[in-house]
Amino acid sequence: SQTIHQWPATLVQPVGSPLSLECTVEGTSNPNLYWYRQAAGRGLQLLFYSIGIDQISSEVPQNLSASRPQDRQFILSSKKLLLSDSGFYLCAWSVPSTGTNEKLFFGSGTQLSVL
Amino acid sequence: GDSVTQMEGPVTLSEEAFLTINCTYTATGYPSLFWYVQYPGEGLQLLLKATKADDKGSNKGFEATYRKETTSFHLEKGSVQVSDSAVYFCALRTSYDKVIFGPGTSLSVIP
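Residue numbers (our numbering), protein chains in the order written: chain P, 204 to 318; chain F, 87 to 197.
The reader is advised that the hints may include incorrect statements.
Computed list of lysine-lysine pairs in DSSO-like fashion (alpha-carbon distance at most 27 Å, straight line) [as the list claims (entries may be wrong)]:
no. : chain 1 : residue 1 : chain 2 : residue 2
1   : F       : Lys142    : F       : Lys184
2   : F       : Lys163    : F       : Lys142
3   : F       : Lys138    : F       : Lys184
4   : P       : Lys283    : F       : Lys138
5   : F       : Lys163    : F       : Lys146
6   : F       : Lys154    : F       : Lys184
7   : F       : Lys163    : F       : Lys138
8   : P       : Lys306    : F       : Lys163
9   : P       : Lys283    : F       : Lys146
10  : F       : Lys138    : P       : Lys306
11  : P       : Lys282    : F       : Lys184
12  : F       : Lys142    : F       : Lys154
13  : F       : Lys154    : F       : Lys138
14  : P       : Lys283    : F       : Lys154
15  : F       : Lys184    : P       : Lys306
In short, the hints are calculated from the structure, not lab data.
Extracted from the complex, chain P is given alone in its bound form (with noise of 0.2 Å):
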């Protein structure tokens, strides 16, 4: 079956820090991969997503970034962190469309909290 791993599950970064977020997915080839924020109250932000290695889209231009350096591997970045990056940040996968079994599978999330 399919697994899906985000980490770390909280995080505590000062203002000016850098950050790297990992997510993998098990269990399945080619998976779809996606980052998002979930600022509290708020909705859910799409920030990046892949259909493949090397095909990254990103949706808010910001000083985040996504690599995909695996198949099944999906990390967010950033240089230096600002205040207004601390939320929640969900990674999620699909198969690619079909139009049978399109819904997304989240991880576990990171709350990050930058000081």
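Knowing the structure of chain P, use the given hints to seat chain F on it.
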């Protein structure tokens, strides 16, 4: 660009009341439409979906119909229960696999 708009609430209903949560979308092409639910302390899970115009998704007594002419996918339930208290998210998936969510609607059902 692609977007999803939904009533943000919070919505408070008495048990057995009728529920409607409005959702409208903007997208190119023919997106698939979804409702996800997040129960307190839990992660998001798919509630129902519809993949083409006039399709009706249903699950756990909830229903939503894909209305292309009004670009809407309103969520309805005839009789809500306390256990339905959660945050509900409308979402769309474009033909190029981008998945975007609405802001979420918080529902509280009181006995």
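Outcome of the hint check:
no., hint, result
1, F:Lys142 <-> F:Lys184, "holds (22 Å)"
2, F:Lys163 <-> F:Lys142, "holds (13 Å)"
3, F:Lys138 <-> F:Lys184, "holds (16 Å)"
4, P:Lys283 <-> F:Lys138, "violated (43 Å)"
5, F:Lys163 <-> F:Lys146, "holds (9 Å)"
6, F:Lys154 <-> F:Lys184, "holds (19 Å)"
7, F:Lys163 <-> F:Lys138, "holds (21 Å)"
8, P:Lys306 <-> F:Lys163, "holds (21 Å)"
9, P:Lys283 <-> F:Lys146, "violated (45 Å)"
10, F:Lys138 <-> P:Lys306, "holds (15 Å)"
11, P:Lys282 <-> F:Lys184, "holds (26 Å)"
12, F:Lys142 <-> F:Lys154, "holds (12 Å)"
13, F:Lys154 <-> F:Lys138, "holds (8 Å)"
14, P:Lys283 <-> F:Lys154, "violated (43 Å)"
15, F:Lys184 <-> P:Lys306, "holds (12 Å)"
Violated hints for the displayed structure, listed by number in ascending order: 4, 9 and 14.
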